[in-house]
Amino acid sequence: MSKFKTFPKGGIHPPDNISSTGDTAIRNASLPTKAVIPMSQHIGAPAKCIVNVGDTIEEEQIIGESAGYVSVPVHSSIPGKVVEIKDIYLSHGKTSQAVVIELGGEFKRMGKTQQAKSWSSLNDDEIIKKISSMGIAGQGGATFPTHVKLILPEGKDCDYLLINAAECEPYLTSDQNLILEKSEEIIEGLKILKKLLTPKKIIFAIENNKMASAKAMSDAVAESDLDVDVEILKVKYPQGAEKNIIKSCTGREVPSGKLPLEIGMVVLNVETVFSIYEALVFDKPLVERIVTISGGAVKSPKTLRVKIGTTYRQLLEECDGLTEEPVKVISGGPMMGFGIFDLDTPVTKGTSGILFLTKKEVKAAQQTSCIACGRCIKACPMGLNPSEMNKLTLNFLFEEAQDMGLLDCMDCGSCAFVCPAHIPLVQSFRMGKNQLRAIMMEKKGANR
Amino acid sequence: MIDMKKMTVSSSPQIHSADSTAKIMWTVVLSLLPAGIWGVFAFGMTALIVILVSITAAVASEALLGLIDKKMTIGDGSAVLTGLLVGYNMPPDLPLFIPALASIFAIVVVKWSFGGLGANWMNPALAGRVFVFFSWTGSMTKWLLPSMNGADAVTGPTPLGSLKSAYFATSLNVSGPIEFLQSEGLPVTYKDLFLGNIPGSIGEISALLLLLGAVFLLFRKIITWHVPVSYIGSFALLIWIFGGLRMGTGLFSGDVLFHTLSGGLMLGALFMATDMATTPLTEKGNIIFGLGCGFLTFLIRIYGSLPEAVSLSIIVMNIFVPVIDRYTKIKGFGKSTVKEANGE
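Chains as they are written, first to last, in my numbering: chain A, 1 to 448; chain B, 1001 to 1344.
Any given hint could turn out to be false.
[To be verified] Only pairs whose alpha carbons sit at most 25 Å apart, straight line, appear in this in silico DSS-like list of lysine-lysine:
1. A/Lys156 x A/Lys195
2. A/Lys149 x B/Lys1335
3. A/Lys363 x B/Lys1335
4. A/Lys48 x A/Lys3
5. B/Lys1006 x A/Lys363
6. A/Lys359 x B/Lys1335
Hint data in this document are derived by calculation from the structure and do not stem from the laboratory.
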C-alpha cells in the first residue's frame, strides 16, 4: 500500500511526461508586439469592451468591464494602441470579442521596483472587491470567477481551505514551477484567504511526482506562522479534479449535483492564490500567467511567464520551434485540453499549457464497436457506467442517461483514455450534457 | 513550419492508452499459441488441420458477412480468436466439416446475428462447440491418445470420460479417481494431467501452458483474476466437499487436483469465461459469474450424464449476465444510495 492518500474509485495512470519542464526555472516570455485580448476569459458573462479602435491604452488599464455577478473585468497586459476589435475563435472553439493592442508607450509596472502594500487593514468586503476588480478567475483551467467562490452564503462555514496543486494533467508543470519559486508569496496569499474565510484547516495538496515543490512548500510553511497541512497525494489522474481531491484529502464526498461548499470546502488552484497575493499586495491585475509549452514535437520545452494575449505562434518560436511535425496542437492538458486549429489563438487566463503532440504520443487508432470490457467503468472516478451512458446519449435518450448520472460526468476523459475500442465517450457526453441542459431549460420555461 | 490544416481537432482526451481492440484480440491469440502447439505436438498433423479449418471457416464467415455489411472487421482479430478457440475445443481427429460448421455457427448465428463484435451475449466459440457436440456426438467424443505414449492415431477415452463409469458402478473400492483409472487399465498421473499427456480436446490438455498464457494476459491486464479465481476456487471447494461421495469415499475427500487439471476447466476458466463481451462488467459481477460457472461445472461433472461440463456451464452463465449486471451496479460518487432503475 502506498503511504500517499488518494481517492478510492477509478482513475488512470497516463505517463506524466513532466521531466522536460518540471523542476526548471520559469522564464519570462518576450513581450507580444500585438496582444490579442479576448473579453471572454472566464466562465460566466463575458466582460463588456469599453475601448475603441485608436484608443491609447496604459499597461494594466481595464479594457473590459465586469458584466454581472459571475464575471470579472479584463485588463490590458501591455501598453499601446487599440488597432482592432474583432471576433476570434478561442481554444474551446467558441467565439469571443477580442481587443488587439499594438505594443507602444511606457510600462508603469514592468521593470520597476514595487512597493508592497499592507492588506491587513482591509475588511472582508474590500478584499473580495479587490479580488474581483483585479480580474481574478480560477487558473486551473475552469476559470470560474474567484470572488464568487470566496463569498460564503449565509449559514455556510468553510471547514477546509484546500489548495489544489495536484496538477494531474500530464505535461503541465506551471504550478509545480511556480511553487518552487514563489512558496513564500503563496503563503502570504493563504494568509489573506485565511482572514477572509476563517477555515478550520488549510490543506495544500500536491502529487508525489513533484517532491521538490512539495518540499519547497513544506519549508516555507515551517518558516511561517501559518498552519498548513502539506498533503502529498498519490499520482493518479484526475487527482486534481475538485471532487476527487476533496475525497483524497478529507474523505468527504461532495453530493451529486452540489458544490464543494455544501460540505464546507473551498478549493482554489495554487496559481490563483498567487494571483490573489499579487492583487492584494501589489494591486496587480491578472495580466500574465505561467504557461507550460511542451510535447514531443517541441524542440526546447519551457515554462514561461506569459502576458495574456500572446499568441501560441510566438510562444512556439520562443521554444525554438519544432523537431518534427505534430499531429495535434493542444490548449491545456492532454486529458481535458482542446485541440486548436489556429496558431494565432491567444493565451488567456485559463491557458495552463500549450502542447504540440506527435503521432506517437496521441496513439490514435481505428474505432471499433464496444467489446464490453468494462474498463471505462473501472476508470471512472465518478463511479459511472460510461459504456451504457454512451449508448443512451447516442440514441438521444438524454434523460435516461441523466438517470445514470450523466451530469456527474466532468469530462475528465479517463474512460475514453482507456477504451480499447477508441470510442469518443467524452464527445458523446459533452453533446448529451448540452442537450440535457437545453431540455431542462425548456421544461423550466414550460412550467412558468 | 507547421501546417495547421493537417492538425487533428477532436474532443478531449487528446491522448490515449496504447491498447486497442485489435491489440487485445491478437494478444489473446498469442497467449493461446503455446497450448495449441502442444496439442499439435501431442496429437499430430490432424490436430493442426482441425485448428486451421476452424480459423479459416471463422474468418471466411466474418469476411462474407463483412461484405454484406460493407464493414471489413477481420483486422480486429476477433474472428481469428473465435476460430482458434473453436479449434482448441475440438477432438484432434474428426470429419473436417464439423469444426467448419462449428465456426460458421459461432460467427454467423451467435456473433453476427446479434450485432457483431461485442454485441453477442453468448461465447461464440463455446456455442459453436455445443452445437456440433449435440449434433455429432459420436465424432465429438472420439479421442486420440497423445503420440508420446507410442503408436500414432490410437483412440482411447479421456480421464473424465472413463471416470464417469465409476459413478454408475455398484461397488467401488478405490481411494479416488487416479486409483480408479489405474484399476481400469488407464493409468494417469497428476504430472500427465498437468503437462498435458492425456487424451482430450486439442487446446485443453496442457494445464501448464494454459496457465502460463493466462499469467501473460493477467500481466498485460487483459483479463483480471476475478473470474478464474472464483470459478476454479468454487469448483475446487465443491469437489473437495462433495466430489468423493460418488466414489464412495464420503464427504471432504474429493480429488481437487485431478478435477481441476482434467477436462476443459483450465481452457474454459482462463480463456472462455474471461471473454469480455459475454461476462459481467463489474468486478463483483464477475465474481458472481465465476461462482455460478464453478457450481454448474461441479454439478454436471459429478451428477450429470456428460463427462464434460465447462462449455455448458459457461454458456448457461452467459445467459445470466444481464441479470448480474443489473444487480451489481456500482455506487456513483456523491450518491448515498444506488438508484435502481425503476422497472416500469
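Now the hints, each set against the structure:
Our distance criterion of 25 Å between C-alpha atoms is met by A/Lys156 and A/Lys195, whose separation comes to about 16 Å. For the given pair, A/Lys149 sits about 23 Å from B/Lys1335 by alpha-carbon distance, which is consistent with the 25 Å threshold. Under the criterion of a C-alpha separation no larger than 25 Å, the hint pairing A/Lys363 with B/Lys1335 is inconsistent with the structure, at around 35 Å. As the CA atoms of A/Lys48 and A/Lys3 are separated by approximately 49 Å, the hinted pair breaks the 25 Å bound.
For the proposed pair B/Lys1006 and A/Lys363, the alpha carbon gap of about 16 Å is at most 25 Å, so the pair holds. For the hint linking A/Lys359 to B/Lys1335, the alpha-carbon distance of about 39 Å lies beyond 25 Å, and the restraint is violated.
Hints 3, 4, 6, counting from the list given before, are not met by this structure.
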